[in-house]
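Colleague: The lines below spell out each chain.
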Amino acid sequence: MASITLDRVGKTYPGGGQAVTDVSIRIADGEFLVLVGPSGCGKSTLLRMVAGLETISTGTVAIGDRVVNTVEPADRDIAMVFQNYALYPHMTVRQNLAYGLKNRGTPAAEIARRVDEAAAILEIGAFLDRKPRALSGGQRQRVAMGRAIVREPAAFLFDEPLSNLDAKLRLSMRGEIRLLQKRLGTTAIYVTHDQLEAMTLADRLVVLNGGRIEQIGTPMEVYRRPATTFVAAFIGSPAMNLIPAQIADGALTVGGVRVQLPLPSGLDGPVTLGVRPEDLQPRRNGGDGHLTLDVSYVEDLGAQRLVHGRIGGHAMVCTLPAGHAVQDRLFLHADADALHLFDVQGGRRLT
Amino acid sequence: MVEDRPWLNRLTHLVLILGVLIVAFPVYVALIASTHPATAFSTGVIPLWPGDQMWENYSLMMGSGLSTAGAPPLAGMILNSLIMALVIATGKIAISVTSAFAIVYFRFRFRQLAFWAIFVTLMLPVEVRIVPTFKVVADLGMLNSYAGLTVPLIASATATFLFRQVFLTIPDELTEAARIDGAGPMKFFRDILLPLSQTNIAALFVILFIYGWNQYLWPLLITTDASYYTVVASIKRLAQAVDSVPQWNLVMAAVILAMLPPVLVVVGMQRLFVKGLVETEK
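First to last, the sequence lines map onto chains A and B. Take 1 as the starting number for the first sequence in full-length UniProt numbering and just add one per residue. Take 1 as the starting number for the second sequence in full-length UniProt numbering and just add one per residue.
Among the hints, a few may not be true.
For lysine-lysine, the following DSSO-like pairs were computed, each having C-alpha atoms within a straight-line distance of at most 30 Å [to be verified]: (1) B:Lys275 x A:Lys131; (2) B:Lys135 x B:Lys236; (3) A:Lys102 x A:Lys168; (4) A:Lys168 x A:Lys182; (5) B:Lys275 x B:Lys187; (6) A:Lys131 x B:Lys187; (7) A:Lys102 x B:Lys187; (8) A:Lys102 x A:Lys131; (9) A:Lys131 x A:Lys168.
If you are wondering where the hints come from, they were derived from the structure by calculation, not from laboratory data.
Bound-form chain A, shown alone:
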């Protein structure tokens, strides 16, 4: 158990490529931190730097009070779960679990105790003497987690551990990982590109883009108040609508409609307006401050309907309850606190 501190961490590859720039995060003891972002955003690199599999170009990584920049992975007191599980194919499950402990010189009785304990937690006791080849994907995933648990590390590092599983299994394993981490109280860093996974698992999540931190916060903070247009578009499904709007004389105009909004003073000119599809409420008639959506097509998801259309020439999606009738035109209203304003140039949040 330990906290993990990343202080102005950066990674430059020999070829000059900048994978990670100036990342500072303080992860509290027992916290579940999720690194999320699109592929190539540096999230895996960051995790591998904590694990010691990549060198750290600038800054420091500390686990507990110990700076581990030059410490071997085995001595960092961490355990990692890989995307493709990375189980040793020629060893039985039991040997897979025991290998790390054996290398550390743990007494045999202690190894047996820990393996049995982990097997009980993960319900893999029945196939301890099988080879990984004879296991299903979900079972392999459990074994990979078992290998992490038996080490009783200061931190778990997960590198997209669920992306090789089918959708249903992913859902149940997600719950199990969450429960397990809470039960053991071990600090965890979890890398994923799946925003849903990030939202459901995280105590706090870190949205990364281009090797930089876009936002750090609890899932609800990030969802409610995205710091940039990137975060706004990345977190939430379907994605937040981002459309150009104008501010003139203290009033917001979007698609030819003036919208009532308490604006911070000093704003003028073009802005990007963000509004989540689920924050748009249908209205019976067009009226003051109501947006008019020209409906293109409707997707029925069962519990809800996704209405795709255009407002003033800009694409827009809105979520309606199932069974809500949709004509060619839809009048929409959004509460003022559901509207997000972003800077057109940098994409920074203005409100």
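Assemble the complex: chain A is given as a structure, and chain B must be docked to it using the hints.
Modeller: Coordinates of chain B only, in the frame set by chain A:
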């Protein structure tokens, strides 16, 4: 062919049987010839049915050899061949697996150069460099010795290359998992790499054993002492009767005996051998 066409099935079987016959017939002739008395060949017609001299011919070759042709008993030569083939096969595997390990898993200066230097030697088989190699071996006083028979043939670019390819198919995550599990380089090599390339090692062993066993030119060149003769190189000497007709029945007995050990190795390691050649899952 996925569909089931009776006449096509018959045709494929016919082709296969024909192929087997073409390959197996000379071996059959050799086997039959080795069971006849020497006089059976004087008519110029090779018999096709087994004779009654099998035991006599084989025990003569194993026990006392063919003194007229200057050939010692086969038993000793088979032992020499066995030593040579085993040392070459294990030596080649040991050296190539470690050099492939170095090339794939360590970042050192001139790594690429080392790899290409090894690769280039592929183009220099023993026959090409035989004169300088002979000179070196002679100067080192290794003529007529097991060391002389084996050492010059041990370095192997092919095997190094093969192991390199095998190691490259092992996922990086496995290496990283081992690093996190606290396995140092040598431990990783012993606990992970060697067991994972087990089938490849077996397949290579079969190939290299036969390579070593079938060596002809090199042993012929550097052994002048009969106690270091190898069996394959000596078959030539057996057939070389100066002033008489070669005793084909005995020569063929020697041929069959020389063929036996590689066949046994192939048959014994067949399952591993095939697995090593076709297995891709790591």
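Colleague: Now tell me, hint by hint, if it's right for this structure.
Modeller: Consistency of the hints with the structure:
At roughly 18 Å between alpha-carbon atoms, Lys275 of chain B and Lys131 of chain A fall within 30 Å of each other, so this suggested pair holds. Between Lys135 of chain B and Lys236 of chain B the CA atoms are separated by roughly 24 Å; this keeps the pair inside 30 Å, and the hint holds. Pair hint Lys102 of chain A plus Lys168 of chain A does not hold up; C-alpha atoms about 35 Å apart against a cutoff of 30 Å. Restraint check for Lys168 of chain A and Lys182 of chain A: satisfied, since their Cα atoms lie roughly 22 Å apart, inside the 30 Å limit.
At most 30 Å may separate the alpha-carbon atoms for a hinted pair to count; Lys275 of chain B and Lys187 of chain B meet this at roughly 25 Å. Pair hint Lys131 of chain A plus Lys187 of chain B holds up; C-alpha atoms about 21 Å apart against a cutoff of 30 Å. With a C-alpha separation of about 12 Å, the suggested pairing of Lys102 of chain A with Lys187 of chain B holds against the 30 Å cut-off. Under the criterion of a C-alpha separation no larger than 30 Å, the hint pairing Lys102 of chain A with Lys131 of chain A is consistent with the structure, at around 18 Å.
At most 30 Å may separate the alpha-carbon atoms for a hinted pair to count; Lys131 of chain A and Lys168 of chain A meet this at roughly 24 Å.
Going down the numbered hints, you'll see the structure goes against just number 3.
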